[in-house]
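Using the hints, position chains B, C and D against chain A.
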Amino acid sequence: MLRKQMADKSIKARIEHTSLSPGRLFLRRLGRNRAAVASAAILAILYLSALLAGFIAPYAMDRQNRQASFHQPIGIRWSDECGWSWRPFVYDYRSGKGITGYEKAAGKRYYVRFFVRGDKYKLLGLIPSDRHLFGIDAPGKLYLLGTDRFGRDIFSRLLYGAQISLSIGLVGIIITFFIGLTVGGISGYYGGAVDNLIMRFSELVMAFPSFYLILAIMAVLPTGMASSLRYLLMICVLSFIGWAGMARVIRGMVLSIRERDYVTAARSQGVSDWRIITRHLLPNTVSYVIVAITLSLPGYILGEVALSFLGMGIQEPMASWGNMLQAAQNIRVLTSYPWMLAPGAMIFITVLSFNLLGDGLRDALDPR
Amino acid sequence: MSLLHINGLQVHFQTEAGLVRAVDGVDLELESGRTLGIVGESGCGKSVTMLSVMRLIQPPGRIMAGSILFEGRDLLALSREEMRQVRGGGIGMVFQDPMTSLNPVLSVGEQIAEAIEIHKRTSRRRAWSMAVEAMERVSIPDAADRAGDYPHQFSGGMRQRIMIAMAIACKPRLLIADEPTTALDVTVQAQILNLLRDLQAENKMSIIVITHDLRVAAQLCHDLAVFYAGRVMERGNAEQILSNPGHPYTIALRNSIPGFSSSGERLQTIGGNPPNLIDKISGCVFHPRCPTAHSSCSDLSPVERFVSDGRSLACDYHALGEM
Amino acid sequence: MYRFIIRRVLSAIPLLIAITLVSFAIMQMAPGDFLTQMSLNPQISPQLIEKLRVTYGLDQPVHIRYLRWLWGVVRLDFGYSFAYHMPVIKLIAQRAAATLLLGLSSTIFAWGIAVPLGILAAVHRNSWIDRLTSILAFMGISVPTAFLALLAVFAAARTGWLPIGGMHHMSYEFMAPWQQFLDLLRHLILPTLVLGIGMLAGLMRQVRSNLLETLRSDYVTAARAKGVSERVAVYRHAFGNAINPLITIFGYYIGDLLSGAALVEIVMAWPGLGRLMLDALSGKDIYLVMGSLVISSIMLIGGNLLADILLAYSDPRIRYD
Amino acid sequence: MSSYKLIEVRDLVKHFPVTSGVIRARKIGDVQAVDGVSFDIAAGHTMGLVGESGCGKSTLGRTLLRLIEPTSGSIRYEGQDILRLSGRQMRPLRRKLQMIFQDPFASLNPRMTVARIISEPLEVHNMVSDAERNLEIERLMSMVGLDPSHAGRYPHEFSSGQRQRIGIARALALQPSFIVADEPVSALDVSIQAQILNLLVDLQKELGLAYLFISHDLNVVRYISHEVAVMYLGRIVERAPVESLFAKPLHPYTQALLSAAPGFGKDQRQGPVLEGDLPSPMNPPTGCRFHQRCPCAMGVCRHHDPLLEEMANGHAVACHLWSASA
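Residue numbers (my numbering), protein chains in the order written: chain A, 15 to 382; chain B, 280 to 602; chain C, 20 to 340; chain D, -4 to 321.
If you are wondering where the hints come from, they were derived from the structure by calculation, not from laboratory data.
Being a predicted model, the structure only gives us computed values, none of them experimental.
Ideal Cβ placement from N, Cα and C applies to all residues, glycine included.
Each hint should be verified, as a subset may be incorrect.
[As the list claims (entries may be wrong)] Computed footprint of chain A on chain C, listed as stretches where at least three residues anywhere in the stretch have a Cβ under 8 Å from a Cβ of chain A:
1) 37 to 45
2) 278 to 286
3) 293 to 306
Here chain A stands alone, though its shape is the one from the complex (with noise of 0.2 Å):
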C-alpha cells in the first residue's frame, strides 16, 4: 500500500509540465496568425454588440422622426471654436432649403450622456429595460450613421439588424453541421446499402439549382407572415440545401479515420461502438469541423443578405443588413444618401472575419 503510494506520488510529480496537447499546439499555432486573432476579435465584439443591441443601441429598433428622414451622419465632436470640451457633445441640425440636406445650428452643444434612460427594450429579450449605454437629451439628436426615410437611427437598427443577420448564419450552420454529421456520420461509419442511399439523394439535392430554389420558397410563403415564423423558415431552407455539402465532407472524414490503425486497436481491446465513436473518431474531427463551419458560414449571412435583399427574406419593419441594404437601391436614395450603404460595409467586414479565422484555423491545423 505504502509502495502504491509513494509510486503514485512520484509518477504525478514526475509528470513534465512541458508537454503540449495537440489542441494546445494548434491554440498556439492560431495565437501567432495576427489576422485571424484580429478577425476572432472583430467576430467577438460584434457578437456582443448583438446580444447587447437594446443596451447599445441609442434608439428603439422602430423609432421613427418624420422630421429627419435621410439624416446624415452626425459627427461626435470633442472641440469647437469655443474650445475643448471634457465631454463628447454634437450639434443641432435644423432641416435645410432643400427636399434633403439639414444644415447645423451652431452654437448649441447637447453633450452625450451615458446610462441615460430612453426606449423601452428587453435585455437579451428577457429582461425589461430603458437603460442605454449613451444617449442624448431631446430635442438633441444622436444619428451616428445617419437615418434612413422614415428617420430611423441606422446606427441602431443595424445592431438590431445583426440580431437577425449574425444569428441566421449560427443557427443555420449549428443545424446543417447537425444533419451533416448525423447523416454523414453515419454513411461512412456503416457504409454499405444505407451509405450508397444517402450519397445519391444528397447528390439529387446539390443538383438544384439552389438560388432559384430557395428564392421560390421564399416567394411562395405568404406576405402576412409573422416574421420570426418567417425567420425560421428561411434558416430551414438555407439549411436544407446545405446540409449535402456537409454530410460528404464528415462522411469522407469519418472514412479515413475509421481506418486508421489506432481505431483497429481500440476496436481489437474490445471497446465499445460508442466509445470509440465518442473517444477516437469524434474528438479527432472537431478541429476540422470547426473550420468547415467556420468556412461555410458566411454562405447563409449571404444567404439572408441576398433573400432580404430581393424583397423575399426578412420583411420590414424588421430589420436586417439585407433589407437595410434593400434600402439603398433605389437610384436617388444612393448617390444621395450613401450611409445607407452602411449595412454592406457591416456585411462585409462580418464576412471578412470568417474567412481570415477559418483561413487561420485552417493553416493552424494543418501547418507547411
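For chains B, C and D alone, coordinates are given in the frame of chain A:
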C-alpha cells in the same frame, strides 16, 4: 582527378522549431566508374547531400558552405543555365518512390524524351525514338508500344525502370539513386539492383546509391560512406568496411541487422534515439549513444583522418588505429 | 466515353423530373395564382377571368396540369407566360442570351486574371505580391455581390464615366452597328467587373493552393533533376497537374452561370434571366418559373458533365466506360 | 515452455467482393486476399509470415483477431472456435488476442496522452481498480523501456521507436497470450528495429507470448520466428521450422525470395532472379498461382492447383515438384 569531390558541405533548414543542421560539414570523393554507397538512418543528411549536388534544395533549406566539384567544376558556382545542363546531362537522378516521382499526366515516352530534347537538342521524333531505346535498355517489354502509356498503367517495378531510363537517357557520367528499391518488393528489388549493375558495366558510369539498407549497399557498391547526424562517420572500400568496420557507429549499425549475426543470437542494439538536429551536440555527434565513448568525446569534435589506403574515420578512438 | 455521356444524360432525366416535381409542388403551395391577382382589378370581369382560367388549364387538378406541362416540355413547349403574353421558351431564350453574355464575359475576365495571378502568387510564395494578392482575394471573396453592385452603381452615378445600368442606351435602335457594339461593351463593363470579382478571388486562391501542392510533389523535383527550366517545371509539370481540380470548378461555374448572376442583374438592371425569375415569382407566373428552373437545372447538370468530360481529357488516370 | 496448440487455423478464406455500378452495386469479382489457409501456432512460439505486398498477409493477421470477418473457415483459440462467438462472447477473448501495428504514427490516437492510451483497455475490461491504475501504467511503461515520467505526454512528442513501444505497452496491458505483430519494425530505422526486435523476444520469454509475426523482410523473420510460413497470392506455399526453411527451401518461390533478399558481400546469389511482378489477386492465375513466374514450371502447374503437403519434420510445401501425386 576524381569525378565528384564534395568539400565541407553544410546545408541548413530554417524551420518553425529552430535551425536544423541537416548536413554539417560533409566531405566525399568518388572516382570515375565506381559505385559509392551512402548509408545511414533516416534524417542523417544523406538525401540532402545528394539533392545539394543537384542544387535542388528548396527553401527553407540553404547550402551554407562548401564546394561540390564535378569533373573539376564547382557546381555551386555555376549559373542557373549551366547547372541545368549538368542536371540530367552530366548527372542523372533516380528517386525513391516511382509512384510519385513520375508525372501522372504525361506519357512515359514524353517524360523520357523531354530529358533528351533538353540535352541533345534534337528533333521531337528523334528524341522519341531515343526514349524508346532508353526504355529498351532498361528491359521494358514492347517499349515502342508502351512509350505512349501513362505511369499509372505500369507496375511499381516497371515504373522504377522508367525512372532509370529517364535518368540515363542522356548518358550521364554520374547516376544518383536515392533509395531506388525501398518502395519495391523483394523480388522486384533484386531485378532493379541487377539492372543498375548491368547498366554500370555497359556504360562505365559512376553511381551513387543512397540507402538505409547496408545489405543493398554491400551488393552494389565499391565504396561506402556511413552518415550519422549530418556528418560522415566512416568511408572507404565497401568490403573492408563491412568485414572490418572501424567506427563504433558502423560496428553498431552492422551488428544490429538481423541476419548478420546468426539466428537465435541476441541482436546488438544502439541505445537511445537518433539525435534531434536542432540541438547542437558538443564534441562527437555520436558520443551520447556510443558504447565506447571516452570522456573527451563530449568535448572534442573528432577530425576525419585517413587510416589506411582510402579508409578514413571520424573517431579519435577508432579500433583500426591499433592494427 | 460516348457510352458514359449517354448514360449521364439519361440519368439526368429522372433528376430533372424530380426537380420539376418539387418546384411544381412548391408553386402550388402558394395561395392563389396569377389570375387571382388579376381579379383584384375591377376593370376585368369575372367572366373573362373564368374564361382565361379554362384557356390556361388552371381549372384542372394539379397532377393533370403537371403532366400536361411535362408533355409540353417534351415537345419543347414550356407553356405560356401570363404576364408577358408570350411563349415561355421565347422569353427565356431572349433573357438567357443576355445572362449568358454577362456570364461569359465575367468568366473570361475572372479566369484571365485569376490564373496568372494565382501562378505568380504560388511561384513567389510569401513575397509582397503573394501577400497583396491574398489580401485582395480575401476582400473579393468576402464582399457581398449586392453591396458591390450598389457600390459600382454609386461610382458610375457619381463619376458619369459608365452607364449606371441596363444593357443598351435609349437611342440604341438608332445607332450604327459599330456604335451598337461599343454601347453594349460600355454597358457590359460594370456588371462584368462586379460579377467577376467574386469569382476571381476564389479562383485565385484555388490556383495558388493547387499549384503550391503540386510544386512540392516529387515529380516536379524529378523534372528539375532532368534539367528542365524553371518555366517548364512550373507550367508543364506543376500546372499541368494543378489544373485538374480547376476543371471541376470550371464546370461548377458554368452550371451556376444563370443563377449566379441574378443579384447583379437585379441591381444593375441587366435584362437577364435573374430579373425575369424574380418578376415571375412575385407575379406567380408559374410556367415562367418552371421554365427558368428547368433551364438552370439543365445548365447545372450540363456544366458538371462538361467538367467530367474535360477532366477525362486532361487526366489520363480517369477513364469512364 | 509448454507447446500445446494455442491457435489452430483451418481453411481460412477471405474474399473481398469488388463492386461496380452507381445505383445498384453489381459484384464484378473477388479479391482473393486469403484463400484456404491452415496452420497452427503453439503457445509461446512465433510463427513468421512472409510475403510480398498484396499477398494477403495483413488480411490474414486481422482476420485472426476478427477485425475482418472471414468468408469461411475456422479459427480455434485453445480449442474454441472464435468465429462462432457472438460479439458479447468475444469480448473476454479480445483480452487474450492483441495486435501491434506497423505505422507508429497512425496507430496512436494523437489526442490521448500515453497514460490514457495504455489505460483505455484496462478501463474497458475493468482489469485494475482506479487506485491501482497509475501503478499499472508505470509497470507497463517500464516493461517496454519507456520512462514512466513521460506518461502525461502526447504521442507527437515521441520518436518513432518510442511510439512503437507505446503500442506494445497498450497491447500488453490486457495480458494477452497471443499477439499479431503486423510489420512492427518495417517503418523503423535499423538501430531502432533491433531494439524493438529484442524487446519482443524478451517479452516472449518473460510472458510466454505467442506471436504471428508478419513481415516482408526474411532476415527479420528468420531472427524472431520458430516456424515460418511463406505466402503468395492468398495461399501458403511453404511452411517449415525456421532452420529447415532457410537451410533447404523447397518451393521455387521461397528459393527466389531467399536469393533476392540481399545479404552481405557481393554476388553470393545462388537462385534465379524472378521475372515480372505479382499478378493481381483479383484474377489469380489458374493452376499453381506461381506458375507464370516460376523458373521450374511444368505442364501440370498450369492446370492443377498443388496442395500443401508435409514432406518431413513439419516441412510442408505446395508444389508439384515435390508432390507425391504428380
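Going through the hints against the structure:
no. : hint       : result
1   : 37 to 45   : holds (count 5)
2   : 278 to 286 : holds (count 6)
3   : 293 to 306 : holds (count 4)
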